[in-house]
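For chain L, the structure is supplied; the task is to place chain X on it using the hints.
The residues making up each chain are set out below.
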Amino acid sequence: MTDTTPAQAPAAADECLLATKDVTVTYDLTHEALHKTSLSFESGQVTALIGPSGCGKSTFLRCLNLMNREIPKCSVGGQILYHGHDINTPKENLFELRKSIGMVFQQPTPFRKSIRENILFAPKKHGRVRSRSEEDELVETSLRQAALWDEVKDKLKQSAHALSGGQQQRLCIARTLAMKPDVVLYDEPCSALDPISTFAIEETIRSIAESGICEIIVTHNMEQATRVSDRTAFFYVGDMVETGATQQIFSDPHDQRLVDYLTGRFG
Amino acid sequence: MASQVHSLDDHVSRINRQDKVATGVLTVIVGLVMLLVVAIIAYILVRGGTRALTPGFLTNPSAAEEAPGIVYQLWDSFYMLIVTLVISVPISLGAAIFLVEYAPDNWVTSAAKTAIETLSSLPSIVVGMFGSLFFVVTLGWGISIIAGACALTMFNIPILVRTIQQALEDVPRSQRDAALAMGLTRWETTINVLLPAAMPAIVTGIVLSAGRVFGEAAALIFTSGSAPARLNFANPFNFVSPTCPFNIFRPACSLAVYIWRLTSEPTDGSVEIVWGTATVLLVCVLLFNLLARLLGKFLSRRLTAE
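If you read the sequences in order, they're chains L and X.
Our numbering numbers the first residue of the first sequence as 1 and each following residue consecutively.
Our numbering numbers the first residue of the second sequence as 1 and each following residue consecutively.
Okay, chain L solo, but in the shape it has when bound (with noise of 0.2 Å):
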């Protein structure tokens, strides 16, 4: 999988720097939503994950940065290695994980608080930012890259609510960033903006990459992942089926469920 990763990063070379082995998920103690699911990711590259409507795909994102912790009565087996230590066991601290595992919702999340004040927000609370200087810094560092700088410089006071539905997902990514993290989680960012939006945040996710940081999409927008990703993973009813290099996935699938899908037949 180097082939498809120019830009990697030296620290990764001989192991990977998130990676799933044979992790399942459980519902109401017996649900089984994901099946054992191997899969790995690299720094600076773009993972899409696709695949029809429940098939577990947000599931096993959720899992990556522990956010299923919160849903009570489920359960996540398997191991998922983090820097080469796995971070599924019940003394993991995933406050600190969190902080550089970031992720980024469907929905555009921001608090009821300033531009300005919801970048710094986590990083205040996490007493990462000392002076004055240091927050201006981060903030504009954080919009920057999230490609918000321009349109918000002069109203970084005002509330983070009166921004469109793409620029505040913009600052959510912005936000996320803000926290430094090595690995951003998208679930299904863009389904609800418009294309315009929704072009210029894969604009941000592309420049993300660039920047080395390992970023994994889920979308159910096909074009999206051929537009965003450098590899794709495709679930169905709680399988991972195929992955591989996305131009290989949708130039030649191998499994039929996964022809099927590209070709329409179902999903």
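Treat the hints as calculated values from the structure; they're not laboratory data.
Among the clues, some could well be false.
[To be verified] Capping the alpha-carbon separation at 20 Å, the derived lysine to any residue pairs in SDA-like fashion look like this:
(1) L/Lys157 - X/Arg302
(2) L/Lys21 - L/Cys74
(3) L/Lys124 - X/Thr190
(4) L/Lys124 - X/Glu188
(5) L/Lys180 - L/Ser133
(6) L/Lys124 - X/Trp187
Keep in mind it's a predicted model, so treat the numbers as computed, not measured.
This is chain X only, laid out in the frame that chain L set:
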């Protein structure tokens, strides 16, 4: 073909007629309710308005020879309200946060919820009896403001817990997830994200419940008493004195209790005072409602557009 068009026209006109009748009936019902409210308010205002506006009515004690007033009752009502809120708001806030954010989904939690709901339907005279036996006698506080405030707390808590619970639950789940996904703890999420988002609704709920507490009489008769207080505003910081306005261990008589007392033991000219007091009480409660709306609007604008 022609008959089909004809029957369609019939159908449409029948539906329109039904719609008009239904709307008419509902309008009349709403109109009656509004008429009732307006009539009660107008009647009380007209009967008591002149008395309430008499010079000295709001500033003289009830024992005054000339122009007896209700200043002590007014003070006691507000003071007892504040003490009640100081006790009940933190408890309710804590209980609501626990129920919404932390409580595991089991029988203990559902029993707690049922208990809170039961508390809200207890008759206030029963709460008053309990308060008199427990706070006044068992704890030995005597007939006092603190005993009255605790009795009021008992039926303010269910209302507040319910409103705060509702306000917290109305914050979109995505806000909670977003904060948790940034590595914040549940507590940080609750304090920094959920509470600010729910604050307008919480404040509105608190002020509305204050209106209810303010007008309560039955629970107070046995707990804070009905004897008109004699207060000394000249020396307000002698906290042990029975005439100290801030002393929470002295008896007090609220506006509503005062109305009850004057009605059950009428004296010369007391009818006029009752109407005047009722007017003041009503205006206060209306002001609370108005304040709740304004504050809610102001806060939500402030919190979203800042």
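Against the structure, the hints:
| no. | hint | in the structure |
| --- | --- | --- |
| 1 | L/Lys157 - X/Arg302 | holds, 12 Å |
| 2 | L/Lys21 - L/Cys74 | holds, 18 Å |
| 3 | L/Lys124 - X/Thr190 | holds, 16 Å |
| 4 | L/Lys124 - X/Glu188 | holds, 12 Å |
| 5 | L/Lys180 - L/Ser133 | holds, 17 Å |
| 6 | L/Lys124 - X/Trp187 | holds, 15 Å |
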